[in-house]
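*Asks:* Listed in order, the protein sequences are those of chains F and R. Going left to right, the first sequence walks through residues 1 to 358 as this note's numbering numbers them. Going left to right, the second sequence walks through residues 1 to 358 as this note's numbering numbers them.
By construction, these hints were calculated from the structure, which means they are not laboratory data. All values derive from a computational prediction rather than experimental measurement. Check the hints yourself; a few may be wrong.
Same chains, same names: a pair is fine if it fits in one copy or spans any two.
Using 20 Å as the maximum straight-line C-alpha spacing, the simulated SDA-like pairs for lysine to any residue come out as follows [to be verified]:
1) Lys348 to Arg283
2) Lys286 to Gly354
3) Lys348 to Ser262
4) Lys34 to Gln44
Listed here are the chains, written in short residue letters.
There are 2 protein chains.
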Amino acid sequence: MKWSIQVGKFFGIPLKIHITFWLLLLFVAMSAGKRGGGVQGGMQGVLLVLLLFACVVLHELGHSVVAQRLGIRVRDIILLPIGGISQMERIPDEPKSELFISGIGPIISLTLALVFYSLARLFGLNTALPQASLLDGHVLVSLFWINLILGIFNLLPAFPMDGGRVLRALLAMRIEYLQATHIAVSVGQMFAIFFFFYGLFYNFWLAMIGIFIYMGAEGEEHETILRRSLRRIPVGQAIITSFSRLSPDDSLREAMNIACHSLQMDFPVMRDGELIGLLSRDRFVKAMRDHSPDTRISEIMSTDFPTISDTEPLEEAYSRLTEARGSFVPVMHGRTLLGFINLEQIGKYHMLCGLGKR
Amino acid sequence: MKWSIQVGKFFGIPLKIHITFWLLLLFVAMSAGKRGGGVQGGMQGVLLVLLLFACVVLHELGHSVVAQRLGIRVRDIILLPIGGISQMERIPDEPKSELFISGIGPIISLTLALVFYSLARLFGLNTALPQASLLDGHVLVSLFWINLILGIFNLLPAFPMDGGRVLRALLAMRIEYLQATHIAVSVGQMFAIFFFFYGLFYNFWLAMIGIFIYMGAEGEEHETILRRSLRRIPVGQAIITSFSRLSPDDSLREAMNIACHSLQMDFPVMRDGELIGLLSRDRFVKAMRDHSPDTRISEIMSTDFPTISDTEPLEEAYSRLTEARGSFVPVMHGRTLLGFINLEQIGKYHMLCGLGKR
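Can you make the complete structure from the sequences, with help from the hints?
*Replies:* Structure follows, in structure tokens:
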């Protein structure tokens, strides 16, 4: 996500904080300070928000660490004012994995709630729900309630929240995966509609959350359907076969002449009919800014790159492209370059070109 | 803008209301009803919001009607919860036109304020600023204050708001246009920064508005610089020359074979070396869904389309593409097709390919 600043690494997973979260902190400090707390009040407000978000980080780290153990790379964890997101390379479609990864989050939040409840009782505090605002009571009581709410809210079977994923995983152990997804999505959307109308009466933010859940559920269903249908198509069937190649001895100027007067921005580099390098869009753009037009392609191309075989399923190409965030992957038949593929092409093929074959 | 519903036409200009505005209405009705007003209270709340937005529509209609008189087509007016937007085909770079178009909005709002003030005094109402909320006083008093605030706020010289445009127009009558834009943008960004920090203390929404103004001002400066630099480049220099053509006798299947294995989705249709039709991306996609693969291209191509000459400035191509919302324009030298151009190509040419020629 753009505008995120990395603040640390836990278990090898970068923790990033989105700029809007810093704005929230600044705003909390200002308001708390203004409400009579002065500098001290402002700092207390910021401290509480930071503690709350430390709890959210623990919840997300739970998802991420379990995912890593199960062999799924976690790109990063991002903190936003509305909560945390663990960005995984893929959503496991093995039900048991999804069950463990999704279930651990609410378990951590509920455990934290129990810990803060015990601490609060130990100090003889009144643990009733604070009347005015969750932030008004003692910090331990606030942390107890907020982790309790976080745990319970995430346990609701509202896909794509944790509880919805747990529901899908449990269903998928008995029935077909797509069917399980469809049921979990429908249940999630019913919750979303309820949140929306309830929120209209009592809490505008809940109504907004309802809209996000509704759209998120729909998006995940589409992604699931896409992946499943890509599984049946070999990469070779969907590739781009009409494109220009470069030679390592070409100059950047020659590449620019092609790129500036065609639709192509990604180039395979060939010598004697063999693929020896790639000039991807990003590298190309950077080279045009930093290098002279006389620079040879061999000096700017990448030589360490993934390829894919034409017989592998299209889902594999999709995974590699979304994981690596690269712009394209060359498609090989043995040592022969057949063509290349990118995310736009996969989308185009799925939406339009597969039509005749249904 | 997506998710907008057309509710009427004024002076030939479609008035559209974005779905989020309907949500706001629903929310106002619910809250007002819940706050003890019941059904009647809810309806009164909705009525006031509708009256406020009628005033915003008058403000926007002012911009639009003056723009139309000056020969600028207005695509539509869209109402959002944060106000209205008049979507014009282009921003006039003739200072006098911009002065008239931008100046009329605040004048209408201030005139409305005067009208409502007079009416309120006529009925002997207390016209002081309502203490609790702008919506709490008599409807005439609310309308007076809101139009007054709208008029004054829009008169602030904070580009891209009305007052900022007036400032640019006034400057551009004396100094170079790009220089005038730069000054107006800088002044606008100073206001934005002030709104932001003032808002952090007193009103979170003002802080958000500050961010939007800051980014909006930057975006408009870039657009101005882009247009000015496109003015110096002939279309022929930036066109796509490497592409496939179709024949009117080709079948849709043949076009699909090309499109599904290349990067091209827009096609010129040629007969005996002469351009006789276009198959644009949108038409193509629609045809793939609705027609059999045996359909001939001549049945689905468009025969009424704009072209551009290779000697015209690139800015003209940019205007036609943004105005028509078409996906591409064929570039002709006399009756000969040289190539085509689209918005992505103009962006690519401006960002990358023009580099060597600076």
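*Asks:* Mind listing which of the numbered hints don't hold for this structure, in increasing order?
*Replies:* Checked against the structure, no hint fails, so every one of them is satisfied.
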